[in-house]
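Novice: Residue-level listing of the chains:
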Amino acid sequence: MSGLAMPKPDGTTMRRRDEIVADMRIIVPGEGVVDAANAMRAFESDGLTAYRQLPLVVVLPQTVAQVSRVLKYCSDRNIRVVPRGSGTSLSGGALPLQDAVLLVMSRFNRILEIDFQNRVVVAQPGVTNLGITTAVEQEGFYYAPDPSSQIACSIGGNVAENSGGVHCLKYGLTANNVLGIEMVLMNGEVVRLGGSHLDAEGYDLLGVMTGSEGLLGVVTEVTVRILKKPETARALLIGFPTSEQAGQCVADIIGAGIIPGGMEMMDRPAIRAAEDFVHAGYPRDVEALLIVELDGPGVEVDHLIGLVEAIAYRNGSTTCRISQSEQERLSFWAGRKAAFPAVGRISPDYYCMDGTIPRKELPRVLAGMRELSEKYGLGVANVFHAGDGNLHPLILYDANVPGELEKAESFGADILRLCVKVGGVLTGEHGVGVEKRDLMPEMFSQIDLDQQMRVKCAFDPNHLLNPGKVFPQLRRCAELGRMHVHRGQVAFPDIPRF
Amino acid sequence: MTTFTPTTSAETHSTVAWAAAEDSPLEILGHGSKRGIGRPQQSEHTLDLSKLSGVTLYEPAELVLSAKAGTRLAEIECLLAENGQQLAFEPMDYGPLLGGEPGRGTIGGVLAANLSGPRRLKAGAARDHILGISAVSGRGEAFKSGGRVVKNVTGYDLSKLMANSWGTLAVFTDVTFKVLPAAETEVTLAIRGLLDDHAAAAMALALGSSAEVSSAAHLPERVAARVADGSLGSDAATLLRIEGFGPSVAYRIAALKDLLKDAGPLQEISGPVSYSVWRDIRDCAPFAGGGGRPVWRVSMAPSQGHQMVLALRMQAAVDAFYDWQGGLIWLRMQQDDPEAGLLRGLIRRHGGGHATLVRATPSHRAAVPVFEPQAPQLAALSARLKAEFDPKNILNPGRMAAGAGSATLAAATEGGAQ
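Respectively, the protein sequence lines represent chains A and B.
Residue numbers for the first sequence follow my numbering, beginning at 3 and rising by one.
Residue numbers for the second sequence follow my numbering, beginning at 160 and rising by one.
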């Protein structure tokens, strides 16, 4: 991936940069256009910091009309556009292109409507994920999806990435919690999908927009469902001698009809790194540690804690602590939440992967990872959203050692191939972006990818919006649109009979 | 006129590829339980998927089930129930409402119509539980999307795009759904005798509490008698369903009773009566029969539903009842209805939403847009998607709109009385 090929910069656009900057200043007056290289540095990468690129110009619109005019202007002149929210993507979804306008939505930062009766909030896309909860928590409500970047990541970016979080097995991903959006297409048209009501009247364009990684349209307004906060939450911290036992415990909890609010697993290297860092009181002598959080009315939580404790014991748990206070519950989470920086302490750099696997394959995938770890000579620590099978291996490397970044990336790619091989997928929540773009053929045939690209063609036929992301190879829409079947030349000239 | 009845994905693929090559439109069918929904079609041939049947993967601990598209929903629900699981989105059965037998819907039809039920409020619809599909596009290309794991953002979510596409974008051959544990206990709290506006306020209060109400419906007077074999009596019933583990359900019912103690007379309903109340609400049983008068299904913001109905009643005679906290409105018109434009205009004036004419005569369905017309830019976008997946318009042509794609608002206002 270090040799990542991005679309060839368009010479015409590059030559006309001054004119484009001046025109952008007319469309977005005031402080909304940034073109000095030193000021644009702040935008040169997102959460995937291995890749950096200065954009053509940074534009920060404030109104839907400005977004529409910018896109129409660029569409008419064949200028590429990369949309960006808060820039917390871990897959390079907001990586700028040299010849593209970087359209930054951070000034769309207002909550437009709070409707407790229908339990919806209408927000501009630059409002942070946590900002929505903050706006409604005085009434006891919250917005459920909670990606770990929730203090910074924007709700518009959450729509683009279909963000999850530790609670999504029970409360769903962004796609399950967004009721409507307003967006601007590359040609400048403003389209509204959904609203405060449920389900769409036609094709589920909201469903396909969610997780489309900024390639289909620029979101300018989001309507989300809010929920009443559960009365209580308590957690269990359970240690196991083997990952198989921990995995079986998870399966048995679900088998007993329990869907915990959160269910996280860590392997030994991750446990040790976290414990050394925050001293959360994690047991050091276990191979796998589970955090199971149960939320709801107190009587329900107490009832389920009893059931989970018994299931853990049956599966050979060697330690099992139950939080007796809110403080203790938070201390259980402290190590898990600090797992990434904790790993950052034991290694100069780490590379975070994001595959999902059928849960029962966990032992096989962990074993495969240990072999790969030896092969590449790089360490790996694992944190795992155990309920939904979403695995985050953290590959330890040193970017200052020549060749180690490339080695870490190859290791990561091999892990994702393994995930696909056992029936899983390349990315559970971080998105494809540029990072996993070239691995897409591991999971999809060319025909599968063609169907996805045809969706792109319906929205943005000239591939101007966020090109170089998601698809390993762009095919021209005119070519994709051609029917390759003609009367008399097909494989099935006769009526099929069976 | 040929009916193709494939038994494998490969046969399905070759049929669609043949139809694409021959420019020969196909009507896509399971058992035909929803055949009467949509604009009447005149397809040359029929693709009957009812023999493309069988569960291909079910792993309860992984919360995942895959089945061939023509598998009966009833068969899948039986299998899940044996393992204490369910499709949490509670897909409705249109059969009885449309004058057919119950239990004939297929799992492919569940996705094609994006079915759901009273638990939609809390658990979502088919679109929220679909994990992956294999399908054949109108180009005759067999493709897959998604996977078999419950968390996946790899590539565009074409599976969701297929929800509510009514067989007009692709023919599904296999579908994979997320399944969930079924609740151990269910109890329904009924508030009796409320008018629509008071019912809406009571439901909003309940849903805004931490009682985790999974379903909220309001059956006005007269309608209440038409569920669960009349066991509710005829007084209006505002129904709140609480599901979960026994101790939790008892606690939350007590909390709700306290919250609603001044709302009206309260009644607890449990066991088989509660199940059949929600099944009948799910399937719109109160309006089954009744001489086949037109039935509309409307989705709006919950607080707006009863206000729209009140305004509608000023100008037309309708029966109505409410699900989804008042946001899903089932309407039965008193006579053959000329009111499509009137109804849709009122919905727009009450915050927007959509109306689908789910039961009507073929001539009626040919005369008014069955599905909610869309704003011109959105309709054009939908038409471009249709053209990408089915450029020759051979899959259920005209079912969702005259021509290809979707009806526009402009087209709707031509025929409707605005």
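Simulated from the structure, these hints should not be mistaken for laboratory data.
The reader is advised that the hints may include incorrect statements.
[Stated by the list, open to error] Straight-line Cα separation of at most 30 angstroms, DSS-like style, residue types lysine-lysine; simulated pairs: (1) B/LYS303 - A/LYS423; (2) B/LYS303 - A/LYS231; (3) A/LYS362 - B/LYS416; (4) B/LYS420 - A/LYS230.
In this text, all values refer to a predicted model and were calculated from it rather than measured experimentally.
Novice: Work down the list of hints and note, for each, if the structure agrees.
Specialist: Now the hints, each set against the structure:
1. B/LYS303 - A/LYS423: holds (16 angstroms)
2. B/LYS303 - A/LYS231: violated (38 angstroms)
3. A/LYS362 - B/LYS416: violated (43 angstroms)
4. B/LYS420 - A/LYS230: holds (21 angstroms)
This entry does not satisfy hints 2 and 3, going by the numbered hints stated previously.
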